[in-house]
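Undergrad: So you can see what is in the structure, the chains are spelled out below.
2 protein chains.
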Amino acid sequence: MAVTIKDVAKRAGVSPSTVSRVLSNHPRISRETTRKVKAIMEEMGYHSNMMARSLVSNKTYTLGMILPRPAEELFQNHFFAENIRGITTQASRNGYDILMTTGHSEQEELAAVTRLVKGKRVDGIILLQSRRNDPIIAFLKHEEFPFILIGHYAQDEEILCVDNDNVQAAYDATQHLIAQGHERIGFVSGPPNLTVSVDRLDGYLRAMHDHGLPMQPEWIVEGEFLQESGYRAMSFFMNLPERPTALVVIDDLVTFGVLRGLTELGFRVPDDLSLVSFNNISLTELSTPPLSSVDIGIYQLGYMASQLLIRQIQGDKPQQNRTIVPHRLIVRESSLNLSSKRS
Amino acid sequence: MAVTIKDVAKRAGVSPSTVSRVLSNHPRISRETTRKVKAIMEEMGYHSNMMARSLVSNKTYTLGMILPRPAEELFQNHFFAENIRGITTQASRNGYDILMTTGHSEQEELAAVTRLVKGKRVDGIILLQSRRNDPIIAFLKHEEFPFILIGHYAQDEEILCVDNDNVQAAYDATQHLIAQGHERIGFVSGPPNLTVSVDRLDGYLRAMHDHGLPMQPEWIVEGEFLQESGYRAMSFFMNLPERPTALVVIDDLVTFGVLRGLTELGFRVPDDLSLVSFNNISLTELSTPPLSSVDIGIYQLGYMASQLLIRQIQGDKPQQNRTIVPHRLIVRESSLNLSSKRS
DNA sequence: TCCGATTGTGCAAACGTTTTAACAAACGAA
DNA sequence: TTCGTTTGTTAAAACGTTTGCACAATCGGA
Chain A
1 MAVTIKDVAK
11 RAGVSPSTVS
21 RVLSNHPRIS
31 RETTRKVKAI
41 MEEMGYHSNM
51 MARSLVSNKT
61 YTLGMILPRP
71 AEELFQNHFF
81 AENIRGITTQ
91 ASRNGYDILM
101 TTGHSEQEEL
111 AAVTRLVKGK
121 RVDGIILLQS
131 RRNDPIIAFL
141 KHEEFPFILI
151 GHYAQDEEIL
161 CVDNDNVQAA
171 YDATQHLIAQ
181 GHERIGFVSG
191 PPNLTVSVDR
201 LDGYLRAMHD
211 HGLPMQPEWI
221 VEGEFLQESG
231 YRAMSFFMNL
241 PERPTALVVI
251 DDLVTFGVLR
261 GLTELGFRVP
271 DDLSLVSFNN
281 ISLTELSTPP
291 LSSVDIGIYQ
301 LGYMASQLLI
311 RQIQGDKPQQ
321 NRTIVPHRLI
331 VRESSLNLSS
341 KRS
Chain B
1 MAVTIKDVAK
11 RAGVSPSTVS
21 RVLSNHPRIS
31 RETTRKVKAI
41 MEEMGYHSNM
51 MARSLVSNKT
61 YTLGMILPRP
71 AEELFQNHFF
81 AENIRGITTQ
91 ASRNGYDILM
101 TTGHSEQEEL
111 AAVTRLVKGK
121 RVDGIILLQS
131 RRNDPIIAFL
141 KHEEFPFILI
151 GHYAQDEEIL
161 CVDNDNVQAA
171 YDATQHLIAQ
181 GHERIGFVSG
191 PPNLTVSVDR
201 LDGYLRAMHD
211 HGLPMQPEWI
221 VEGEFLQESG
231 YRAMSFFMNL
241 PERPTALVVI
251 DDLVTFGVLR
261 GLTELGFRVP
271 DDLSLVSFNN
281 ISLTELSTPP
291 LSSVDIGIYQ
301 LGYMASQLLI
311 RQIQGDKPQQ
321 NRTIVPHRLI
331 VRESSLNLSS
341 KRS
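These protein sequences, in sequence, are chains A and B.
For the first sequence, this note's numbering begins at 1 and goes up steadily by one.
For the second sequence, this note's numbering begins at 1 and goes up steadily by one.
It is worth saying that the hints were derived from the structure and are not from the lab.
Honestly, I wouldn't trust all of these hints.
No distinction is drawn between identical chains; accordingly, a pair holds when it is met within one copy or between any pair of copies.
As a list, the in silico DSS-like pairs of lysine-lysine whose alpha-carbon atoms are at most 30 Å apart [to be verified]: (1) K38 with K118; (2) K120 with K36; (3) K141 with K6; (4) K317 with K36; (5) K59 with K118; (6) K317 with K6; (7) K118 with K10; (8) K6 with K120; (9) K120 with K317; (10) K38 with K141.
Just so it is clear, the structure is predicted and the values come from calculations on it, not from any experiment.
Work out the full structure, taking the sequences as your base and the hints as a guide.
TA: So, in structure tokens, the structure goes:
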């Protein structure tokens, strides 16, 4: 039905091989033949059948990824959307498309990945998250299939990944609060089994230590990446006999929970409690007051992941396994202290 | 390298055709053979090569879509993420994956779609938006290639689409404000060339008319789907000699702009101005005050689109071209009037 | 003039499936 | 017993490419 390489060949009076070689810019094809064949391809509206091409060349020019499950709140809408934009944009630029699939459980996800890999549907895989002992990572590593992780995998430093320096990011956030004159600073963390929670807590602790500030164990609260966690943390902190004057919060969404609680109780931000958090989603600047947040370069995380994975597919060994995307603290009203406001 | 159908056949002592038929549950294959072949496939870790399968069967079990360009703010992060979740989930359930590609201009997007269609990479296409005279729609229609539109295309009622009843949604929102005792109600619209803007304005006008309320042309303001538009609309309305007491706003993000402006000027919501908007993104309930918003079922829009497209691919002719996803007004504090609050 | 290298092209096999047509065997009814 | 039907299987062609090998023609230097 559709125009094939043979049709073009016949019309051009050459063999199919020649047409194929024109397509792939083979050096031995003459200027003249190239011109003629290309003209005829144009004229006949030829587009090569990707399935046939993939079958023989064993390349699909497709990167796979699994859609994060709703349960995995680490990846909220904003993160996911920005991230995938980065991934897709860079992939496109290199002639790759993104294949997305999903599973309703860890087991189904593994089955989906297996299907993509063994069924030769993709050339590489981008993983948006990893749990501890991730069977998908184990599988991909065992198959020696190209893949990259956004985030990093504490259990295995050998795998390719793109991540932030979360220790430093939290250090910066904490130091900023200290510079604003705060000494009593609390930390609202995420699930303790996630590297990101561990790293950010670490950065907070280091900053406190480096500036000789007292650390109280009760000023560190764990939670989920949900606003409810923020709400709970807030009420815990505000009921302490000695309240902190500022909080470093693991995620913007959690901070919204803190903020809502504070507003309900009649406390004011930053006057009664200053806040800094992470991710800098677009709504941080819309809230009242606007939230200070560490921009972790979500788009760039995706962009780099695409780029590095494609390089690896094409046989480029990277110097180091882990690539760091720079972060940037965006200071807004939620962490500006009174004196600097009054000045 | 990988295990092929031939390897399985040889090991099972049958022909490749038989193995293929076992794979596709051909009725003529005996119980015994099926059992044996399946066991061997399991044992050898066989997975069929999708490229080869697609090449001959002309089916890819893949749906294509183009990533909305950042410029097209109609599709914000929240919408996009929720929508794609619906699309992918339902696709997966039917054994389809999603292929995502992108282009930096309308022309590139058309080229990308052409590549997917002519290169036989996908079985159908989901379009997340359409401009007027969309060349992509024209192309797909001309090729008679299965596709579905999320939203609808006023120029052509023949194409398959999933949409809300935006007229009724706006009617409901307006009527709610009227029920709260408002008579002076303004409308903040989106770009006038989008169907969604036209429809929602229409619903607003009808509700006002049906309740015998005065309509003032200056109470209708056009803008973009950006918070800046909300900010501008707000300052316009609040500087009128006769201010409205409530606004219907085309989109939540725009409403955040209105809200920020009001807060800056010291106005209070809903006391000085009540607000209702559309889309019900997750942050509407986190803002202060929480925003009333019409939930348009973003996930379900995607879910239905997937489902209907797959049906069409499989040869099921739908009764009607346009499928309506129900909406639901979620009333929150931003539109509850004083009397009902005090009661 | 001859010959080795270079340039341009074609033949045919291969990639891993699906599917049509054919056929053998078993079955059941006359 | 015979013959039409059903059941189970296979051989082989086809899908649209890529690519190793072969070969002819041209070229450039001795």
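Undergrad: Would you mind marking each hint as holding or not holding in the structure?
TA: Now for the hints, and whether the structure bears them out:
1. K38 with K118: Between copies only: 17 Å across chains, 35 Å inside a chain, cut-off 30 Å.
2. K120 with K36: Result: close only across copies, 25 Å inter versus 34 Å intra.
3. K141 with K6: between (40 Å within a copy, 27 Å between copies)
4. K317 with K36: neither (39 Å within a copy, 43 Å between copies)
5. K59 with K118: both (13 Å within a copy, 18 Å between copies)
6. K317 with K6: neither (38 Å within a copy, 35 Å between copies)
7. K118 with K10: between (36 Å within a copy, 20 Å between copies)
8. K6 with K120: Both, since 26 Å and 17 Å are each at most 30 Å.
9. K120 with K317: This pair counts as within: shortest intra-copy Cα distance 22 Å, inter-copy 32 Å.
10. K38 with K141: between (42 Å within a copy, 27 Å between copies)
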